[in-house]
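Enquirer: Listed below are the residues making up each chain.
2 protein chains.
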Amino acid sequence: MVQSSAALDLMYSALADGGRRAMIARLAKGPASVSELAKPLKMSMPAVMKHLNLLEESGFVTTEKIGRVRTCKLEPKKLDAAQTWLARQRSLWDARLDRMDAFVLRMGDDDE
Amino acid sequence: MVQSSAALDLMYSALADGGRRAMIARLAKGPASVSELAKPLKMSMPAVMKHLNLLEESGFVTTEKIGRVRTCKLEPKKLDAAQTWLARQRSLWDARLDRMDAFVLRMGDDDE
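Taken in order, these protein sequences are the chains called A and B. Residues 685 to 796 in my numbering are what the first sequence lists, from first letter to last. Residues 685 to 796 in my numbering are what the second sequence lists, from first letter to last.
Each hint should be verified, as a subset may be incorrect.
Claimed, not checked - Listed next, the stretches of chain A that the computed footprint assigns to chain B, with coverage defined by at least 3 CB atoms under 8 Å from CB atoms of chain B:
1) 697-710
2) 751-764
Stated by the list, open to error - The calculated label-pair distances, taken between Cβ atoms and stated as ranges, are:
3) 728(A) with 793(B): 39 to 49 Å
4) 772(B) with 793(A): 35 to 45 Å
5) 733(B) with 748(A): 38 to 48 Å
6) 786(B) with 780(A): 39 to 49 Å
7) 728(A) with 726(B): 38 to 48 Å
8) 741(B) with 761(A): 27 to 37 Å
9) 740(A) with 731(B): 23 to 33 Å
10) 728(A) with 779(B): 25 to 35 Å
11) 755(B) with 750(A): 48 to 58 Å
12) 782(B) with 746(A): 20 to 30 Å
13) 782(B) with 687(A): 23 to 33 Å
By construction, these hints were calculated from the structure, which means they are not laboratory data. Heads up, the beta-carbon is just placed ideally off N, CA and C, and yes, glycines get one too.
One chain only, chain A, in its complex shape (with noise of 0.2 Å):
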């Protein structure tokens, strides 16, 4: 899945909290109420609601409510699309050090 840049904005800034990454990490075990996730932080209601709304936003969480309980589960889909980007750098930079590696070789060729 490619993302657009302002997707990947919205990802990575949703990432950098260690808040939301607590939350992200709870709901990688499965899906939990507001106040289940919010029982383990040390945050006021207001502070874990904005938090869940960035993590919305960034795509990471997607949240339901049935009757009075809003019920938030994990979209790993998103998480695969934040590692996509890194993965790629990565590569980029090991297709750097292949290259790197022929040369050398090709130079020790030439030298015998």
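Once you've looked at the hints, dock chain B against the given chain A.
Expert: Coordinates of chain B only, in the frame set by chain A:
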């Protein structure tokens, strides 16, 4: 490499900007001077320096000044570290799906 929460904050913040991602993508192809790095970007030199400082703080980029030229270099291990946190959440999610599959299979066995 396990990163502290503060280090992850800096790393994901650094990634949350298209200009900084463009600088990382350029350096993934090999080291560059500050002016080479700035050339394709539609930014003032003070803006380039500000972004470069954030990339240095995050650890993604190191710079070295020799004579009058400052050369910038990508640190690929930091890309790996930013990926590691995402990969860990993904594997927690996958482990949960595996447990659910195993549970459904056991239910099937009980029915027989």
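Enquirer: Decide, hint by hint, whether the structure agrees.
Expert: Hints and how they fare:
Requiring three or more residues with a Cβ within less than 8 Å of a Cβ of chain B, the coverage given for the segment 697-710 of chain A holds, as 8 such residues are present. Residues of the segment 751-764 of chain A with a Cβ under 8 Å from some Cβ of chain B number 4, which satisfies the need for three, so the listed coverage holds. Roughly 47 Å separates the CB atoms of residue 728(A) and residue 793(B), a value that falls within the hinted 39 to 49 Å. A C-beta distance of roughly 43 Å is found between residue 772(B) and residue 793(A), which places it inside the suggested range of 35 to 45 Å.
Range check, residue 733(B) to residue 748(A): about 45 Å between beta-carbon atoms, so the 38 to 48 Å window is met. Restraint check, residue 786(B) to residue 780(A): a C-beta distance of roughly 43 Å satisfies the suggested window 39 to 49 Å. The given range of 38 to 48 Å is respected by residue 728(A) and residue 726(B), whose C-beta atoms sit roughly 41 Å from each other. In this structure, residue 741(B) and residue 761(A) meet the distance hint of 27 to 37 Å, their C-beta atoms being roughly 30 Å apart.
Checked against the hint of 23 to 33 Å, the pair residue 740(A) and residue 731(B) passes, with Cβ atoms roughly 31 Å apart. In this structure the supplied range 25 to 35 Å holds for residue 728(A) paired with residue 779(B), their Cβ-Cβ distance being about 32 Å. At roughly 57 Å, the beta-carbon separation of residue 755(B) and residue 750(A) lies within the given 48 to 58 Å, and the hint holds. As the Cβ distance of residue 782(B) to residue 746(A) is approximately 22 Å, the hint placing it in 20 to 30 Å holds.
Evaluation of the 23 to 33 Å hint for residue 782(B) and residue 687(A) yields a pass: the beta carbon distance comes to about 27 Å.
The structure fails none of the hints (numbered hints given earlier).
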